Every structure is written in C-alpha cells, then in structure tokens.
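Hey, can you work out the whole structure from these sequences and the hints?
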Amino acid sequence: MKILVPVKRVVDYNVKVRVKPDGSDVDLANVKMSMNPFDEIAVEEAVRLKEAGVATEVVVVSAGVANCQETLRTAMAIGADRGILIQTDVELQPLAVAKLLQAVCAKEQPQIVLCGKQAIDDDANQTGQMLAGLLGWPQATFASKLVVAGQQATVTREIDGGLETVEVVLPAVVTTDLRLNEPRYATLPNIMKAKRKPLETTNPAALGVDVAPRLKTLKAAEPPKRSAGIKVADAADLVLKLKTEAKVI
Amino acid sequence: MAILVIAEHDNSSIKAATLNTVTAATKLGGEIHLLVAGSDCADAAAAAARISGVGKVLLVDAPHYAAQSPENVAALVVGMAAGYSHLLAAATTVGKNCMPRVAALLDVAQISEISGVESPDTFVRPIYAGNVVATVQSADPVKVITVRATAFEAAGEGGSAAIETAPAGADLGLSRLLGRELTKSERPELTAAKVIVSGGRGMGNGENFHRLLEPLADKLGAALGASRAAVDAGFVPNDYQVGQTGKIVAPQLYIAVGISGAIQHLAGMKDSKIIVAINKDAEAPIFQVADYGLVADLFEVVPALQAELG
Ligand SMILES: Cc1cc2nc3c(=O)[nH]c(=O)nc-3n(C[C@H](O)[C@H](O)[C@H](O)COP(=O)(O)OP(=O)(O)OC[C@H]3O[C@@H](n4cnc5c(N)ncnc54)[C@H](O)[C@@H]3O)c2cc1C
Ligand SMILES: Nc1ncnc2c1ncn2[C@@H]1O[C@H](COP(=O)(O)O)[C@@H](O)[C@H]1O
Chain A
1 MKILVPVKRV VDYNVKVRVK PDGSDVDLAN VKMSMNPFDE IAVEEAVRLK EAGVATEVVV
61 VSAGVANCQE TLRTAMAIGA DRGILIQTDV ELQPLAVAKL LQAVCAKEQP QIVLCGKQAI
121 DDDANQTGQM LAGLLGWPQA TFASKLVVAG QQATVTREID GGLETVEVVL PAVVTTDLRL
181 NEPRYATLPN IMKAKRKPLE TTNPAALGVD VAPRLKTLKA AEPPKRSAGI KVADAADLVL
241 KLKTEAKVI
Chain B
250 MAILVIAEHD NSSIKAATLN TVTAATKLGG EIHLLVAGSD CADAAAAAAR ISGVGKVLLV
310 DAPHYAAQSP ENVAALVVGM AAGYSHLLAA ATTVGKNCMP RVAALLDVAQ ISEISGVESP
370 DTFVRPIYAG NVVATVQSAD PVKVITVRAT AFEAAGEGGS AAIETAPAGA DLGLSRLLGR
430 ELTKSERPEL TAAKVIVSGG RGMGNGENFH RLLEPLADKL GAALGASRAA VDAGFVPNDY
490 QVGQTGKIVA PQLYIAVGIS GAIQHLAGMK DSKIIVAINK DAEAPIFQVA DYGLVADLFE
550 VVPALQAELG
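Protein chains in written order, with my numbering: chain A, 1 to 249; chain B, 250 to 559.
Incorrect hints may have been included.
[Claimed, not checked] Quick list of in silico lysine-lysine cross-link-like pairs, PhoX-like style, CA-CA up to 25 Å:
id	chain 1	residue 1	chain 2	residue 2
1	A	K241	B	K468
2	A	K225	B	K468
3	A	K243	B	K305
4	B	K529	A	K241
5	A	K243	B	K443
These are computed hints drawn from the structure, not numbers from a lab.
Given the structure is predicted, the values throughout are model-derived calculations rather than measurements.
If you want it as structure tokens, here you go:
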C-alpha cells in the first residue's frame, strides 16, 4: 500500500513575521523556512505505517519554489522513500494545491493521502478536505489516532467537544492533528541517505493544472498591538483591581 | 441573491457559533437562509427559526445526516448552492471539515476564518498565527466562507422564520461514525465563556491542574482552557487547547496560569478583554500582553486567589 504525504515549506514556527513597509504582503526575505509542523507529523505517521508493515512505500510531494527540495529531503531523512517536486513560482492557494495533488494521485494511485491539518502560514485548513472532495474520497481530518486494517482506516479525530472515531473506506484522505505522534529527529546517516533518494521534478503545466490564484490579497497589516499592563503585588491586589478597575468580576 | 448559512447543531439545539455566523452573514446584504441538515432534527430547525435575522430555515431530515458527515453534507450543500451568493459556516471543527470540500466541488476558493467583512467580496482574515491580518478579495461566483465566531456578535432571539422542508441528497456511504467521546462539563463552553481560567505546563501534572484550577473556575463561573503543552502532557483533554491550532477565545477575562505565552497560544486568546498572567518567570512573553501580571509561584498564588474571591 502506497501513502502519499504532501509537505509544505513554510516560515519556521518560531519566526514572528513582519509586513512589508508598503503593506502589500508579508515580508519573507531572509526568514528561516521549515517543513510545516503538521506535515512532519504526517511523514512520521506514514513512515511508522511502513515500519509496521502496513505501507509499502511513502512518497512525499511538495508544490512551490525550487527550494521545496529541501523540505522533500527532510521528509526523506525521516524515512520517506522518494519525492516529487511540483515546481512553480506562482503563489499557490489551497484549491490549486488540491488540484495538483489530484493529478499526482491519478498517477501514483495511493491508498492514503496523509496531509497536515493546517499550514501555519496561511492557516487555511483546506487542502486535504478539498483534495478528498475532488477525488470523491472519504476524509478523516484532525486525526489523533490512525489504524489501518485491510481496506479500511479507523481514525480518532480531535473535535471541539472531545474526540470522535470514524471508519473510512480506502482510498481516503487523512489530515493530522498535534497528538497523532511525536516526529523523530532525522539522524545524520539518514540525512546523508536521503540525498541519494529519488526526487522527480514536474510542474503545474505538465500536470495540466491551472494554478492561477483565486483570492487577491489587497492588504496585509499588523494587528493592533496589546500593550503590557501593570504588575500586581499579590492575589489580594489582583482581585481588587479586577473588581474596581477592570470591573470584570 | 440569498445567503446560505450551514447551521451547526446536535439535532435538538443550535450551536452558539452559528449565531455569530448569522451576524457575519447580515453584513453581506441578502436574505439569509439557514440550513439544518440532520436526523430527527425538527427541534433544531425550530430553534433556528427563532434566530433573528434569518429569513428562512431549510430543514433536511434523513438518517444519513445524523452524524453530519462532511461527505454527505458537502454533497447536499453543493446541490443547493445555485442561487446563493455566499455559503457560510462557523470556523469550528465541523465547519472547517465540511466547507473546503464544498468549495472544491464548486471549483471556488474558500475564505477561511474571516474576522471581518469589508464588502460582499472582500474579507479580513488573520494569517501567520494572527501576527498578520490580510484583506482578501474573491472573484469567484460564489463565496465559500468560514467565520471566526469571536469576531462577530451573536445574533439574538426573536425571529420567526418559516421552516421549509428540502429534499435529502444521496447517502454516499463513504464514512461511518463509530462513536464520540465528548468531554462532559457543567462549565460554560470555552468559546462562549465570559471568564476563562487556563493552565499550562507550569501546572506540573493533571492532578494539580484539576485540584488548583477547578475551584478557581468554580468561583468565577469560568470555563477551563489549556496550552498545547498541557494537553500534550495529558493534563487535560484535547478540546481544552486554546491557540492557533486549537480554539479561538475572547472572554471578558482570561487568566493564564503557568503559561509562557508562545505566539501559537497568544493567537488564540489575545483578543480577550482583560488578560491576567500568573507566572514565576518575570521574562515570560505572556506578560507582554497581560493587563495584570503576577510574578509568583502559582502553587502559592492560586489558592490565595481563591481565598480572596471568598
Ligand atoms: C504547529 C504548532 C501548533 C501549535 N499550536 C498551539 C496552540 O494552538 N496552542 C498552544 O497553547 N500552543 C501551541 N503550540 C505550542 C507552543 O509553541 C508552545 O510550545 C506552548 O504554547 C507552550 O505551552 P506552555 O506555555 O504551557 O509551556 P511552557 O512554554 O513550557 O511554559 C510553562 C510556563 O510555566 C511557568 N511556570 C512553571 N512552573 C511555575 C510555577 N510553579 N508557578 C508559576 N509559573 C510556573 C514557566 O515559567 C513557563 O513560563 C503549537 C506549536 C506548534 C509547533
Ligand atoms: N504547497 C504545498 N505543497 C505540498 N503540500 C501542501 C502545500 N500546501 C498545502 N499542503 C498540504 O495541505 C495541508 C494543509 O494546508 P492548508 O490547507 O494550506 O492549511 C498542509 O499541511 C500540507 O500537507
């Protein structure tokens, strides 16, 4: 069974981004980039399924600029078998990515596509669901547990009220939540080995996908800043201020 | 053209976030229809009809909508989409699950978790953990939108919309709900609470979390929240998580106890009216957003606070 894992190159989660002075967009010059953390969880889960003998191959795919190669190499260092780079300089929105992944699925015929639930740059939380819709596949989002048996997957999902367990028929799209696993650190030998794993490059035109953005960003701004307030001396002082000054209790 | 809001419900009552979504819809201009798709959900439809601002309730009642699976509901919504300018749902785990599927099937973008409406085609939404707010414009023929509940007031009661029964779609049979393990609590719902007491890794363990924060929350009539670290460590269930990838809250009062204030956490609570931070590290970033900071050991301060509240 083949598992396809889409991995996105995003601004590292430790970076606090800034807006360009002209307010047109986010300034991404010289900021540290990493694999989207939810995708790391997805790669880890796919590799564990392979180690458990459930999956036979883990293919990672990334869409974007040439540097997405680094993200694919990172995924291969965790244990993915090969990578596909869909190279383009066009700004990719979730619908475009879903269509690109749909084209890749037509070729690769995976049984499971394991996405992150959300990219931490656009905070869209869309691509996996969109892909499932385009393919007519079931979807199990926000997974905190994934059990694959035969032609079915049983997925525990993190929902607003707690947890829910669904059973989906494969092929299916599953998206990862934070509690699914704790990704391993890639070891140096595995990083070296990853450099020799196959990496194929294609592009949107070759896949027959129109990736033109549907949403136009008119403006990017920093939200109003909260300023630090005051320090209180002790619990009594705090209660007094909450009662008489803030009037919230 | 009319606007379709997909109601979130448990077949008998409407979830609070739907009320805020209706308010967002009123800013678009156009009659608002509320879709209640479920099983034995006449009570939910009756509740929907009382929401002010709603012009019509569309009731779709069939066994295969009992679990409101995203596959069946998305197919239903896509089948009803003609004639609507906007399709909206709350940015809850239900809305986030279903609406992108709807958008893809209609070949349009989804505009995620809007926090403002500039015009019928232009919306404001936070990105990068709320460090940036983007204004985006959509040229798509129908706008598929999820709504950040805390950014809009809740619509009131007092409406009396007509309830119209609409035909069910097919059962796609793609997924099956095996069960739900819902956190039982007498406390207010986190996203609608006026006061939230939230604990982080500093609580040390689950036992401390409950022993210290529950009595405090009881005194304040508060909901309990947590940081990711507290959830990951198993102190509390996943649905307590506040933040970029958890719940977005904006209470009158948010008390952060033993939470450092990582940007991912701030993303979920920095729109609270008053923020209180209790942390023994004076340098903790949470103090940069706190109205009232108390640099102290939480194991001493929390019981003292509880005593002060009488
Ligand atoms: C993809 C991704 C998504 C994430 N999403 C979220 C999210 O949605 N929500 C979220 O919260 N985080 C999220 N995080 C995690 C976030 O980056 C932080 O790791 C997390 O918020 C830290 O939790 P914490 O403040 O409880 O723990 P820590 O950062 O470890 O802070 C603990 C604090 O407790 C204080 N403390 C310890 N003992 C005491 C004591 N006795 N008395 C008083 N103070 C004490 C310490 O001084 C410290 O400041 C995410 C991270 C990633 C990578
Ligand atoms: N450009 C991309 N390349 C590969 N995977 C992507 C890309 N964009 C999004 N994804 C996948 O879709 C998930 C959700 O992203 P989003 O819908 O943008 O929040 C990510 O966690 C990735 O698994």
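How the hints compare with the structure:
Between K241(A) and K468(B) the CA atoms are separated by roughly 17 Å; this keeps the pair inside 25 Å, and the hint holds. A threshold of 25 Å between alpha carbons decides the hint, and for K225(A) with K468(B) the separation of about 31 Å lies outside it, so the pair is violated. With a CA separation close to 44 Å, the supplied pair K243(A) and K305(B) exceeds the 25 Å bound. Simply put, K529(B) and K241(A) have alpha-carbon atoms about 20 Å apart, close enough for the 25 Å limit, and the pair holds.
A hinted pair counts as satisfied when its Cα atoms are at most 25 Å apart, and K243(A) with K443(B) qualifies at roughly 15 Å.
The structure fails hints 2, 3 (numbered hints given earlier, in ascending order).
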